[in-house]
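The sequence shown begins at 1 in my numbering and counts up by one.
To be clear, the hints were calculated from the coordinates, so they are not data collected in a lab. Wrong hints could be hidden among the right ones.
Stated by the list, open to error - If you anchor each label on the Cβ, the simulated ranges turn out as follows:
1. 63 <-> 28: 19 to 29 Å
2. 18 <-> 121: 15 to 25 Å
3. 8 <-> 94: 47 to 57 Å
To be verified - Calculated pairs, DSS-like style, for lysine-lysine (alpha carbon to alpha carbon, straight line, at most 25 Å):
4. 42 <-> 117
5. 140 <-> 117
6. 102 <-> 3
7. 140 <-> 18
Backbone N, C-alpha and C fix where the C-beta goes; we use that ideal spot for every residue, glycine too.
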Amino acid sequence: MPKTLADARTRLVALTTKPANPAAPTVTELTAGIDLSCRILKSDYRLSPVASDTVPDTELCSEGNAVTFGASNYEGSVTPFRYLTEAGKADAANDIAWDTLKEKGTELWLYEREGPKYDAAWAAADEVDGYEVVTDNPQKPSDRAGFIKRVVPLGVQRAWLGGVVAAP
């Protein structure tokens, strides 16, 4: 089987209410979510585990340092594009990512699927990673060229890695 290019193969959806089983959201729950896939900047998108804390638990008889992994850590940041009218006002129909992410302290459940095309319907047994996040204040990017956008840091509260979508 050949390697798969990543282009257009990440789907990101935001849920505003916690799924009944965050480790296995249903097709119905994910379909009802807010699809952010075409509203987020690809180049700086980050929602991922990072290095776990380490615990130096070495036995007295050990000659070297042994490291045990402790608490898991995660990081997240998304950059939603703004969709404005000719008058510079928010376009209510298309500015959905900004509306979802703009308030500091917003609690969301983000689910990411890699593999099928971003616009393929959710299906039972799809692999997903889920993240419970809280938004921080949106920041203006250092590079103000191109489209209007804001960087939104995410505080990851919990994660469910390698989950599987449940049937509706």
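Tested hints:
1. Evaluation of the 19 to 29 Å hint for residue 63 and residue 28 yields a failure: the beta carbon distance comes to about 56 Å.
2. Checked against the hint of 15 to 25 Å, the pair residue 18 and residue 121 passes, with Cβ atoms roughly 23 Å apart.
3. Checked against the given bound of 47 to 57 Å, the beta carbons of residue 8 and residue 94, roughly 19 Å apart, lie outside it.
4. As the CA atoms of residue 42 and residue 117 are separated by approximately 15 Å, the hinted pair is consistent with the 25 Å bound.
5. Between residue 140 and residue 117, the direct Cα distance comes to roughly 30 Å. Violation of the 25 Å bound is thereby established for this hinted pair.
6. For the suggested pair residue 102 and residue 3, the alpha carbons sit about 37 Å apart, so the restraint of at most 25 Å is broken.
7. The straight-line distance between the Cα atoms of residue 140 and residue 18 is roughly 29 Å, outside the 25 Å bound, and the hint therefore fails.
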